[in-house]
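Student: Could you put the whole structure together from the sequences, leaning on the hints where they help?
The listed protein sequences derive, respectively, from chains Y and H.
Under the working numbering, think of the first position of the first sequence as 1, with each following residue one higher.
Under the working numbering, think of the first position of the second sequence as 1, with each following residue one higher.
To be clear, the hints were calculated from the coordinates, so they are not data collected in a lab.
Honestly, I wouldn't trust all of these hints.
Simulated crosslink set (DSS-like; lysine-lysine; CA at most 30 Å straight-line) [said to hold, decoys possible]:
(1) K329(H) <-> K465(Y)
(2) K196(H) <-> K150(H)
(3) K373(H) <-> K500(Y)
(4) K150(H) <-> K96(H)
(5) K465(Y) <-> K325(H)
(6) K329(H) <-> K417(Y)
(7) K373(H) <-> K465(Y)
(8) K325(H) <-> K500(Y)
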Amino acid sequence: MYCQISAGGLRGLESYAALVEVDVSRGLPCFEMVGLLAGEVKEARERIRVALKNAGAQIPAGKITVNISPAGIHKGGTAYDLPVALGIMAAQGQIAPRCLEGVLAAGELGLNAEVKPVRGALPMVMAAKAAGMRECILPFENLEEGLLEGEIAVMGVKTLTQAMEYLACGQKERQKKRQAAVHAARNGSAKKKDPEKGREKEADFGMVQGMREAKYAAAAAAAGFHSLLLTGPPGAGKTMLARCIPSILPPLAGEEQKEVSVIYSVAGMLEEGKLLAKRPFVSPHHTVTPYALAGSGSVPRPGMVTLAHRGVLFLDEMAEFKRSTLDILRQPMEEGRIFLAKSGGTFIYPARFLLVGATNPCPCGYYPDRNRCRCSSREVRRYLSRISGPLLDRIDLFGLVSPAGFPTLMEGADDRKDSWDSERIRAMVLEARERQKFRYAGTKIGLNGRLGPGETLRYCRLGMKEQEFLERLFRMQPCSARACHRLLRVARTLADLEGKEEIGCGHLSQAFCYRPKEEFLNVREGGADAGRGTD
Amino acid sequence: MSGKEGRMREEERIDSLWLCSLPGIGPASIRKLVRAAGAPREVRKLSEASLDALLGKKRAECVLRGQTGKKREEAARLLELYDKKGILFLPFWDEKYPVRLKMLPDAPAALYAKGRLPEKSAPAAAVIGARECSEYGRKAARYFAAELAKAGVIVVSGMARGVDGIAGWAALEAGGTSVAVLGCGVDICYPPENRKLYERLEKEGCLLSEYRPGTCPESRLFPPRNRIISGLSDLVLVTEAREKSGTLITVDLALEQGKDVFAVPGRITDCCSRGCNRLIAAGAGAALNAGQLLEAMGLVWTEPKSSRGGQKETENGGERQSLRKRVLKALEEDGGSLDELYERLAADKKAGDVSLQELMQELVLLCMEGTAKSVQGRYFL
Chain Y
1 MYCQISAGGL RGLESYAALV EVDVSRGLPC FEMVGLLAGE VKEARERIRV ALKNAGAQIP
61 AGKITVNISP AGIHKGGTAY DLPVALGIMA AQGQIAPRCL EGVLAAGELG LNAEVKPVRG
121 ALPMVMAAKA AGMRECILPF ENLEEGLLEG EIAVMGVKTL TQAMEYLACG QKERQKKRQA
181 AVHAARNGSA KKKDPEKGRE KEADFGMVQG MREAKYAAAA AAAGFHSLLL TGPPGAGKTM
241 LARCIPSILP PLAGEEQKEV SVIYSVAGML EEGKLLAKRP FVSPHHTVTP YALAGSGSVP
301 RPGMVTLAHR GVLFLDEMAE FKRSTLDILR QPMEEGRIFL AKSGGTFIYP ARFLLVGATN
361 PCPCGYYPDR NRCRCSSREV RRYLSRISGP LLDRIDLFGL VSPAGFPTLM EGADDRKDSW
421 DSERIRAMVL EARERQKFRY AGTKIGLNGR LGPGETLRYC RLGMKEQEFL ERLFRMQPCS
481 ARACHRLLRV ARTLADLEGK EEIGCGHLSQ AFCYRPKEEF LNVREGGADA GRGTD
Chain H
1 MSGKEGRMRE EERIDSLWLC SLPGIGPASI RKLVRAAGAP REVRKLSEAS LDALLGKKRA
61 ECVLRGQTGK KREEAARLLE LYDKKGILFL PFWDEKYPVR LKMLPDAPAA LYAKGRLPEK
121 SAPAAAVIGA RECSEYGRKA ARYFAAELAK AGVIVVSGMA RGVDGIAGWA ALEAGGTSVA
181 VLGCGVDICY PPENRKLYER LEKEGCLLSE YRPGTCPESR LFPPRNRIIS GLSDLVLVTE
241 AREKSGTLIT VDLALEQGKD VFAVPGRITD CCSRGCNRLI AAGAGAALNA GQLLEAMGLV
301 WTEPKSSRGG QKETENGGER QSLRKRVLKA LEEDGGSLDE LYERLAADKK AGDVSLQELM
361 QELVLLCMEG TAKSVQGRYF L
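Tutor: Take a look at the structure:
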């Protein structure tokens with residue numbers, strides 16, 4: 001007998017409703033699965049056979065054929081276990097086929113017939129909605145995640161038996177069962193979370209004493225979505241400062257929340273049943289490979305750049321990264337997404353992140369303090385030249401972190417917060433964002449950091465006095481057209497931060513203070529050294 | 001007549017270059033040979049017996065090999081090439097060879113020069129110091145080199161990274177002239193980041209080297225050139241040196257040659273200045289201003305008018321000026337990063353609060369006027 005049920009299929013970040021067709025006919029007993037399946041899907045046969053037995057159901061002594069369509073798309077993952085098992089039961093007549101109509105199921109089976117959680121539950125539910133399904137059956141652990149979609153009915157099951165019982169019920173019964181499951185899930189997660197809450201304290205700028213220059217740079221970066229590079233000696237607090245940046249970014253809006261949660265769901269990193277409310281903060285170690293950063297696999301899992309979508313990508317010790325790894329960042333920084341051409345097809349993943357880098361100024365870290373640093377200028381240049389020029393060009397703000405003096409450090413005693421804490425900075429950032437929203441209403445720009453060359457001149461208009469001032473600045477330090485636009489963009493954000501509509505000389509000079517430092521600019525001069533060890 | 005004389009001189013130069021480029025023959029042997037034979041031309045005619053008596057068996061053979069082989073034609077070709085490249089070949093017995101060097105016991109047998117040779121009688125001072133210098137060392141080098149150059153003193157240095165290069169540049173900027181003694185061939189610019197200075201020195205100053213054109217920079221070549229730096233100068237000024245610094249080699253050589261040595265004093269806590277302070281303790285002159293150095297060379301110094309004078313007139317302009325005064329005061333204490341300066345301003349509670357934004361604006365204005373300077377995100381007066 002033939003029967004069909006919908007299953008959640010995953011392809012990259014997108015999900016689709018796959019159709020599981022099961023046929024049981026007379027013949028030699030065998031169990032065949034087709035439909036371009038990866039190893040873990042084919043292995044499902046054994047899991048399903050034993051799980052069905054342990055759930056008290058009989059495996060029909062006949063020829064079982066399972067096809068998962070569309071048969072032309074590669075299928076991986078373990079989410080097909082549950083729908084195939086349910087399909088077999090229906091084909092055997094243990095469940096009425098009409099009970100499966102409009103139902104999308106996903107879940108991994110254990111040998112004891114337990115239903116285990118799967119990756120990508122949220123996008124699957126969204127796909128079910130798009131395909132016009134009525135309800136979804138998910139593993140109990142994924143229930144809250146599935147509910148985030150909001151509109152479609154979702155049931156969470158702990159075992160295969162539970163799923164079968166649920167399907168046997170009428171509409172009213174089903175609703176009751178769903179409510180009970182939701183209630184149980186919410187109670188459970190509420191209990192689990194409580195002890196954690198006290199432990200996990202969000203990093204706050206109030207904990208960082210001094211460092212006004214870097215803090216203000218961070219505020220500008222958050223307000224205008226400008227990428228930021230912090231330089232400073234070891235131990236000055238670059239990493240600590242960077243960790244505070246998510247706290248001043250405006251919270252994720254509804255749509256953004258879903259978008260980011262889908263990514264984390266597919267990566268299997270979504271915390272139980274919570275939409276991501278905090279912006280992601282991704283901090284790969286400097287030994288990360290280009291593939292891990294971009295996303296890898298024949299159907300690639302989201303890489304670091306995608307996980308940092310709408311959040312902060314923090315590269316600590318940026319000069320220690322491999323050059324080839326850093327160069328991956330160029331496309332995402334320009335376009336806000338990354339193209340991945342893999343054997344499984346071409347994928348476009350979103351990757352609009354705020355890049356925050358931190359680096360020591362030289363191999364020993366203390367340059368230009370000549371009392372401690374004896375690196376020759378060549379060593380300094382060589383160290384920084386590992387960050388390629390094109391990438392540096394895409395960084396708008398260069399902040400210096402200098403170690404706080406003793407009196408400033410001691411202000412932090414007795415839990416007293418620095419007066420520039422996250423709350424205060426966040427208020428500034430939010431206001432600046434409002435201004436930008438108003439200014440760029442009806443355009444695609446949205447934030448100052450995304451202004452293109454033509455747009456920069458249109459939106460960053462200068463008065464006569466300011467233009468003259470800018471000219472004098474350039475006379476002092478000549479720079480390229482790109483650097484000029486960078487200066488204007490940053491000045492625009494700094495003006496927004498102060499709540500000014502006009503860019504003043506003050507903003508220009510502040511932006512000038514945040515320009516790339518000379519040691520970065522000199523990187524490309526000199527080039528090949530003729531001398532051999534004249535030091 | 002003049003044509004014939006010219007040809008004679010040309011021949012003599014070829015002979016000189018031939019003699020100076022004989023492999024295995026050092027400056028001391030060359031001088032011995034010329035003294036014995038009277039002229040380089042005569043050296044070619046010296047017999048084996050007299051060569052043996054002069055130099056010993058081994059070196060005599062080197063000369064003999066040169067006498068017979070094609071070395072002379074090679075020298076002629078080389079000289080033509082040098083002329084084309086604008087490189088001047090100055091053997092020890094040439095009249096243009098610097099007089100000061102002639103007196104050295106280990107004077108180089110020949111010099112190769114590019115640019116304009118400095119006047120022989122003009123006073124000269126070496127301004128030298130650490131390659132990895134601090135902002136203070138840089139500033140000192142700039143100040144002393146510029147003031148010396150304005151007074152007509154030739155600034156001699158090594159065109160190295162750090163102090164040397166800065167001194168040469170400042171001297172040219174001040175409208176003076178500068179001589180750089182290289183540790184490689186004069187046709188090679190080392191270090192490459194001093195390319196601009198190299199090009200300017202070619203036109204406005206002079207590049208000297210005892211090594212043949214085309215010689216690549218190598219670490220062993222650099223210390224010997226220091227004797228030329230000190231030898232060319234009447235006075236040696238050290239702006240910044242660590243306790244164990246290569247600069248101190250030059251100082252030792254200068255003392256052996258009987259030159260005056262001055263050092264720029266620094267803070268006792270600065271390890272970049274420790275070598276200088278030690279020199280002063282050991283009896284070197286403390287270079288407090290350019291006047292002292294000029295006096296030591298027997299010149300007169302006209303003190304430049306303080307550039308601060310102009311600002312004082314406008315000092316009745318309210319808040320802006322008072323902020324400027326405070327920023328200048330903070331900068332005077334010591335240069336530093338924005339945060340350090342901000343802390344210094346904030347420590348002075350009586351004077352009221354200053355925002356970071358105001359401080360940034362003021363610093364950029366000061367930089368624009370040239371009163372302050374920003375280096376790698378740090379600000380200095």
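Student: Which numbered hints are broken by the structure, listed smallest first?
Tutor: none
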